[in-house]
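What follows is each chain in one-letter form.
Protein chains: 4
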Amino acid sequence: MGGNIKNYKKVVAYWETDQMGIVHHSNYVKWMEEARLHFLREIDLPYEYIEHEKYMLPVYKVEVIYKKPARFADRIEIKTSIYELTNVKIGLKYEIFNDKNQIIATGKTLHPFTDMDLKIKKMPLKFYEHFNKFFITEEIN
Amino acid sequence: MGGNIKNYKKVVAYWETDQMGIVHHSNYVKWMEEARLHFLREIDLPYEYIEHEKYMLPVYKVEVIYKKPARFADRIEIKTSIYELTNVKIGLKYEIFNDKNQIIATGKTLHPFTDMDLKIKKMPLKFYEHFNKFFITEEIN
Amino acid sequence: MGGNIKNYKKVVAYWETDQMGIVHHSNYVKWMEEARLHFLREIDLPYEYIEHEKYMLPVYKVEVIYKKPARFADRIEIKTSIYELTNVKIGLKYEIFNDKNQIIATGKTLHPFTDMDLKIKKMPLKFYEHFNKFFITEEIN
Amino acid sequence: MGGNIKNYKKVVAYWETDQMGIVHHSNYVKWMEEARLHFLREIDLPYEYIEHEKYMLPVYKVEVIYKKPARFADRIEIKTSIYELTNVKIGLKYEIFNDKNQIIATGKTLHPFTDMDLKIKKMPLKFYEHFNKFFITEEIN
Numbered sequence: 393m394g395g396n397i398k399n400y401k402k403v404v405a406y407w408e409t410d411q412m413g414i415v416h417h418s419n420y421v422k423w424m425e426e427a428r429l430h431f432l433r434e435i436d437l438p439y440e441y442i443e444h445e446k447y448m449l450p451v452y453k454v455e456v457i458y459k460k461p462a463r464f465a466d467r468i469e470i471k472t473s474i475y476e477l478t479n480v481k482i483g484l485k486y487e488i489f490n491d492k493n494q495i496i497a498t499g500k501t502l503h504p505f506t507d508m509d510l511k512i513k514k515m516p517l518k519f520y521e522h523f524n525k526f527f528i529t530e531e532i533n
Numbered sequence: 393m394g395g396n397i398k399n400y401k402k403v404v405a406y407w408e409t410d411q412m413g414i415v416h417h418s419n420y421v422k423w424m425e426e427a428r429l430h431f432l433r434e435i436d437l438p439y440e441y442i443e444h445e446k447y448m449l450p451v452y453k454v455e456v457i458y459k460k461p462a463r464f465a466d467r468i469e470i471k472t473s474i475y476e477l478t479n480v481k482i483g484l485k486y487e488i489f490n491d492k493n494q495i496i497a498t499g500k501t502l503h504p505f506t507d508m509d510l511k512i513k514k515m516p517l518k519f520y521e522h523f524n525k526f527f528i529t530e531e532i533n
Numbered sequence: 393m394g395g396n397i398k399n400y401k402k403v404v405a406y407w408e409t410d411q412m413g414i415v416h417h418s419n420y421v422k423w424m425e426e427a428r429l430h431f432l433r434e435i436d437l438p439y440e441y442i443e444h445e446k447y448m449l450p451v452y453k454v455e456v457i458y459k460k461p462a463r464f465a466d467r468i469e470i471k472t473s474i475y476e477l478t479n480v481k482i483g484l485k486y487e488i489f490n491d492k493n494q495i496i497a498t499g500k501t502l503h504p505f506t507d508m509d510l511k512i513k514k515m516p517l518k519f520y521e522h523f524n525k526f527f528i529t530e531e532i533n
Numbered sequence: 393m394g395g396n397i398k399n400y401k402k403v404v405a406y407w408e409t410d411q412m413g414i415v416h417h418s419n420y421v422k423w424m425e426e427a428r429l430h431f432l433r434e435i436d437l438p439y440e441y442i443e444h445e446k447y448m449l450p451v452y453k454v455e456v457i458y459k460k461p462a463r464f465a466d467r468i469e470i471k472t473s474i475y476e477l478t479n480v481k482i483g484l485k486y487e488i489f490n491d492k493n494q495i496i497a498t499g500k501t502l503h504p505f506t507d508m509d510l511k512i513k514k515m516p517l518k519f520y521e522h523f524n525k526f527f528i529t530e531e532i533n
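Residue numbers (this note's numbering), protein chains in the order written: chain U, 393 to 533; chain B, 393 to 533; chain X, 393 to 533; chain F, 393 to 533.
Accuracy of the hints is not assured; some may be wrong.
It does not matter which identical chain is meant; a pair holds if it fits inside one copy or across any two.
[As the list claims (entries may be wrong)] Here are the simulated BS3-like pairs of lysine-lysine, each with C-alpha atoms no more than 27 Å apart in a straight line: (1) LYS485 with LYS460; (2) LYS446 with LYS459; (3) LYS492 with LYS511; (4) LYS513 with LYS398; (5) LYS471 with LYS460; (6) LYS514 with LYS446; (7) LYS511 with LYS460; (8) LYS514 with LYS460; (9) LYS402 with LYS518; (10) LYS398 with LYS511; (11) LYS446 with LYS460; (12) LYS500 with LYS459; (13) LYS500 with LYS518; (14) LYS446 with LYS485; (15) LYS422 with LYS446; (16) LYS453 with LYS514; (17) LYS453 with LYS492; (18) LYS481 with LYS460; (19) LYS513 with LYS401; (20) LYS446 with LYS402; (21) LYS485 with LYS513; (22) LYS511 with LYS422; (23) LYS459 with LYS511; (24) LYS422 with LYS402; (25) LYS459 with LYS514; (26) LYS500 with LYS514.
It should be emphasised that the hints constitute simulated quantities derived from the structure, not laboratory data.
Source: prediction; values computed, not measured.
All chains should be built: construct the whole structure from the sequences, respecting the hints.
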């Protein structure tokens with residue numbers, strides 16, 4: 393299960409570069425969000441459905457490690473997976489690849505489940521069970 | 393009247409540059425929004441009050457003309473003024489100056505008044521009258 | 393000719409929304425850039441090649457008209473075409489469609505050809521001739 | 393020493409919000425950059441001078457923890473300090489305050505010194521000594 397989740401793909405935009413000639417580091421945080429919402433679509437639990445059910449997934453923590461620069465017009469892919477899951481939070485990790493299949497960056501985000509007023513709220517069991525199918529523990533963290 | 397409205401000032405951020413070594417053109421649209429909301433604060437009709445009164449000012453049209461590039465760490469100023477006013481829309485224009493007092497860009501935005509569902513709605517007379525005090529027609533457009 | 397140029401497609405990202413619940417208007421300027429660079433790839437004159445040949449295409453003027461809001465997760469398409477061409481400048485126009493094939497916004501950008509120091513420079517004849525093949529004048533502007 | 397370094401101040405822009413009605417988390421990474429470059433100006437080692445001397449400070453790692461949401465028009469302050477310093481890298485930390493002097497977020501960034509081709513390069517002794525004056529170790533990390 394989970395083997396057929398497609399990576400998120402994108403072509404680096406010109407506006408994402410800065411005067412160093414590489415992608416500005418803040419954009420990776422946006423890419424991770426795009427990859428995260430793509431991942432939720434891939435596992436058939438789209439974020440718009442989560443908001444429709446009156447839950448939100450704000451970000452509590454974000455971390456990115458930049459290993460190699462990305463440049464304008466690069467074709468990148470992002471693999472998203474679940475690294476932590478309880479009934480009130482979900483942790484996702486991201487591996488960003490260039491088109492030579494090299495990891496150029498890794499990242500993590502941690503999200504509480506909240507109601508529409510940003511108060512923490514236990515996620516519905518159906519959400520938990522669904523996420524849990526895609527939570528492949530390869531190791532004790 | 394209107395003579396004591398302060399220009400919006402900012403220092404150009406690094407993330408606003410692109411690989412041409414100059415500010416990416418999309419940021420000017422953000423700057424014009426910052427200048428517009430600064431202008432509304434200056435004339436004592438802050439946008440948060442407008443939304444509090446259940447009106448919104450979405451953008452119907454935006455136009456920017458780029459005359460000279462802006463660069464990282466430049467100190468710029470934006471002068472905002474009203475160029476059009478009816479009971480359902482307001483048009484604002486922007487002059488962006490560098491620290492040598494040269495105009496580096498000009499812009500215009502046109503905004504309908506809407507309700508919170510984005511339906512056009514006549515603005516309250518108190519808003520119209522207030523804006524009208526700052527609507528200095530120098531010429532027939 | 394030009395009939396097989398594919399539209400630029402994208403899914404609206406969450407970070408592109410603002411507290412009105414719709415896409416912030418500044419993002420359309422980024423989308424138009426993405427569509428423009430996609431168009432240059434489609435006509436086999438990718439922008440990275442233009443910069444490799446020591447030319448740049450900064451933006452002199454941008455204009456966007458917003459007809460209907462775009463929302464998170466919307467699937468949009470952008471059709472780009474050339475509306476003006478001389479040996480020192482190119483004008484592009486954009487039609488942004490939602491997935492019901494309705495136009496939600498239109499835009500235009502005008503670009504001088506410059507050298508790497510942003511000085512205006514006549515474009516090489518090979519560029520002009522190439523663009524000209526895709527410059528379909530439907531009307532006198 | 394260092395006691396007179398002013399915090400970076402800003403008013404939250406409308407474009408920084410998302411449809412949750414709060415500031416999108418990616419903007420904090422931009423704010424931390426703005427605060428960092430403000431800090432370098434405050435300690436009289438502006439980043440534009442560093443690039444003029446043919447060094448760059450790309451980001452190797454970024455981390456943000458979000459404690460309370462920020463909203464449109466909030467007045468925030470960011471306190472930047474050095475938490476790590478060797479002759480090839482500098483680590484900065486950030487405390488983001490709202491106008492009630494509550495910490496709404498904290499962050500860290502780690503930066504190698506590189507040449508203009510992004511190769512790691514030992515920083516000049518004058519840079520190291522200057523940074524070291526502002527590196528106040530309150531604790532063993």
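Hint check:
1. Proximity of LYS485 to LYS460 under the C-alpha cut-off of 27 Å is found in both arrangements, the shortest distances being 18 Å within a copy and 23 Å between copies.
2. Taking the shortest Cα distances, LYS446 and LYS459 sit within 27 Å of each other only across copies (21 Å), while inside one copy they are farther apart (38 Å).
3. Taking the shortest alpha-carbon separations for LYS492 and LYS511, only the inter-copy value of 20 Å comes in at or below 27 Å, while the best intra-copy value is 43 Å.
4. Neither within a single protomer nor between protomers do LYS513 and LYS398 lie at most 27 Å apart by alpha-carbon distance, with minima of 30 Å and 39 Å respectively.
5. Within a single copy, LYS471 and LYS460 get their C-alpha atoms as close as 17 Å, which meets the 27 Å cut-off; across copies the closest is 29 Å, which misses it.
6. For the homomeric pair LYS514 and LYS446, the shortest alpha-carbon distance inside one copy (12 Å) is at most 27 Å, but the shortest distance between copies (32 Å) is not.
7. Taking the closest pair of Cα atoms, LYS511 and LYS460 come within 27 Å of each other only across two copies (11 Å); inside a single copy the shortest separation is 38 Å, beyond that limit.
8. With identical chains, the CA atoms of LYS514 and LYS460 are at most 27 Å apart between copies only, with a shortest distance of 19 Å across copies and 38 Å within one.
9. Taking the closest pair of Cα atoms, LYS402 and LYS518 never come within 27 Å of each other, the shortest separation being 31 Å inside a single copy and 30 Å across copies.
10. With identical chains, the CA atoms of LYS398 and LYS511 are never at most 27 Å apart, being 32 Å at best within one copy and 34 Å at best between copies.
11. For the identical chains of this complex, LYS446 and LYS460 are inter-copy neighbours only, at 20 Å across copies versus 39 Å inside a copy, given an alpha-carbon limit of 27 Å.
12. Taking the shortest alpha-carbon separations for LYS500 and LYS459, both the intra-copy value of 15 Å and the inter-copy value of 17 Å come in at or below 27 Å.
13. For a Cα distance limit of 27 Å, the shortest separation of LYS500 from LYS518 inside one copy, 24 Å, qualifies, whereas the shortest one across copies, 36 Å, does not.
14. Taking the shortest Cα distances, LYS446 and LYS485 sit within 27 Å of each other inside one copy (24 Å), while across copies they are farther apart (35 Å).
15. Within a single copy, LYS422 and LYS446 get their C-alpha atoms as close as 23 Å, which meets the 27 Å cut-off; across copies the closest is 29 Å, which misses it.
16. Taking CA atoms no more than 27 Å apart as the test, LYS453 paired with LYS514 passes inside one copy only; the shortest distance there is 18 Å, against 31 Å between copies.
17. With identical chains, the CA atoms of LYS453 and LYS492 are at most 27 Å apart between copies only, with a shortest distance of 22 Å across copies and 30 Å within one.
18. Proximity of LYS481 and LYS460 under a CA criterion of 27 Å is satisfied inter-copy only: 17 Å between copies versus 30 Å inside one chain copy.
19. When the C-alpha separation of LYS513 and LYS401 is checked against a cutoff of 27 Å, the pair qualifies neither within a copy, at 32 Å, nor between copies, at 33 Å.
20. For a Cα distance limit of 27 Å, the shortest separation of LYS446 from LYS402 across copies, 26 Å, qualifies, whereas the shortest one inside one copy, 30 Å, does not.
21. In this assembly of identical chains, the alpha carbons of LYS485 and LYS513 lie at most 27 Å apart only when taken from the same copy (22 Å versus 31 Å across copies).
22. With identical chains, the CA atoms of LYS511 and LYS422 are at most 27 Å apart both within one copy (24 Å) and between copies (26 Å).
23. Proximity of LYS459 and LYS511 under a CA criterion of 27 Å is satisfied inter-copy only: 12 Å between copies versus 36 Å inside one chain copy.
24. Taking CA atoms no more than 27 Å apart as the test, LYS422 paired with LYS402 passes in both settings, with 12 Å inside one copy and 15 Å between copies.
25. In this assembly of identical chains, the alpha carbons of LYS459 and LYS514 lie at most 27 Å apart only when taken from different copies (18 Å versus 36 Å within one copy).
26. For the homomeric pair LYS500 and LYS514, the shortest alpha-carbon distance inside one copy (21 Å) is at most 27 Å, but the shortest distance between copies (30 Å) is not.
The structure fails to meet hints 4, 9, 10 and 19 from the earlier list, while all remaining hints are met.
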